[in-house]
Amino acid sequence: MKIVLIQLVLIVVVVITAVRLLRDRGARTQAVRRLGLLLFAAFAVWSILFPTIWNHIARLVGVGRGTDMVLYALVVAFLSFTLTTYVRFRELETRYTKLARRLALDEAGPPQLAQAGPPQQESPHAGS
Amino acid sequence: MTVEQPAYTLEKAEQTGSGVRDTWVIIPMFNEESVIGDVVAQVLTAFDQVVCVDDGSTDRSAALAAHAGARVVRHPLNLGQGAALQTGFEYALADPSMQYIVTFDADGQHQIADAVGMVERLKAGEADVVFGSRFLDERSKPSFAKAMVLRAAVGYTNFTTHTRLTDAHNGLRAIRRPVLEKLDITQNGMAHASELVAQIGALKASYVEHPVHILYTDYSKAKGQSLWNSINILADLILR
Ligand SMILES: Nc1nc2c(ncn2[C@@H]2O[C@H](COP(=O)(O)OP(=O)(O)OP(=O)(O)O)[C@@H](O)[C@H]2O)c(=O)[nH]1
Ligand SMILES: [Mg+2]
Chain A
10 MKIVLIQLVL IVVVVITAVR LLRDRGARTQ AVRRLGLLLF AAFAVWSILF
60 PTIWNHIARL VGVGRGTDMV LYALVVAFLS FTLTTYVRFR ELETRYTKLA
110 RRLALDEAGP PQLAQAGPPQ QESPHAGS
Chain B
89 MTVEQPAYTL EKAEQTGSGV RDTWVIIPMF NEESVIGDVV AQVLTAFDQV
139 VCVDDGSTDR SAALAAHAGA RVVRHPLNLG QGAALQTGFE YALADPSMQY
189 IVTFDADGQH QIADAVGMVE RLKAGEADVV FGSRFLDERS KPSFAKAMVL
239 RAAVGYTNFT THTRLTDAHN GLRAIRRPVL EKLDITQNGM AHASELVAQI
289 GALKASYVEH PVHILYTDYS KAKGQSLWNS INILADLILR
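Each protein sequence line maps, in turn, to chains A and B.
Numbering (the numbering used here) for the first sequence: 10 to 137.
Numbering (the numbering used here) for the second sequence: 89 to 328.
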């Protein structure tokens, strides 16, 4: 029944990262992301020097082997990466949509001009 | 293929239109060159002002729509139907005499008579928003699978927005200016339909449904939304 603990921890971590990354998108999220990356790198170096650290952690939270622990950690890392990427793409999409809309509306001119006379647009046979 | 379209002149629109320029018909359009000329010409028999939002079409849709007498706003690249609608909203809002808008599909599936009826209900003060519904009578004949997907979509929309509709993914709608001013569609793709309903629900605007006839021609079936895409739409809705 020891496996329950790791399941609990993993689920909580996944849910919290998901909620956090989806909810606030300010400077803080970015800072947290960068700090996380730093910690991750530091830990990577450490675990390269002392590979047994994974076994210790694994035993601590109730997983049998260190390799399993690495796998779980990767799953979490990958999930949060997917989520951040998704959020960032959405933001990017919103931005270029606004840009394209501004361009389109400026190019079309004010709608009141429509009342001035017959349409002045290019002929359909101009081809493009 | 060259379809010779007679130029639709403004005088003709004036003879047939209502004379009061308070309504804009907004047509999101993407690669509809074979039908858009006829659609615009038909709309102009009943309404004075039509704007086609061309969403980076790679065919002659934009030129043909303009030739038929519509104003054309052109996205420099394809953004999606939701983005096109929001662009059309902002275009219409820039006209101070606009009081009502109608959203109308470019693919010839909608009936002018339905649009006219819906605007009349707005003008009669029945509601702030009139949604078209193809499920209020038996005229529209979507395929069985399509009907199932649409029912599921409206079920989800009703569940998440506290509205009571029979057809949330219908491109035919009529909206009064005060509501339009507060709408902001951020779903570029097809998930905008539920977003629109949600925003109208949140505004506590009054709405009614109007029975409309959606034509399912071979053309519309070939071009329309595949059932696979409904899975993508659902994902967009949930992940938003
Ligand atoms: N602006 C824009 N319009 C689009 C796009 N895709 C489709 N449309 C337009 O949206 C309208 C409806 O598109 P359809 O694909 O037929 O969707 P639908 O009518 O909801 O679905 P069906 O019941 O399958 O016909 C038509 O006027 C299309 O030209 C797009 O990427 N951008
Ligand atoms: Mg269609």
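A few of these clues could be false.
As the list claims (entries may be wrong) - Simulated crosslink set (SDA-like; lysine to any residue; CA at most 20 Å straight-line):
1) A/K107 with B/A182
2) A/K107 with B/M278
3) B/K311 with B/G243
Claimed, not checked - Covered stretches of chain B, as calculated for chain A (at least 3 residues, CB under 8 Å):
4) 158-165
5) 228-240
Rather than coming from a laboratory, the hints here were simulated on the basis of the structure.
From the three backbone atoms N, C-alpha and C, an ideal C-beta is built for every residue, glycine too.
Checklist entry - Okay, which hints does this one fail, numbers in order? => result Hints 3, 5 contradicted; others consistent.
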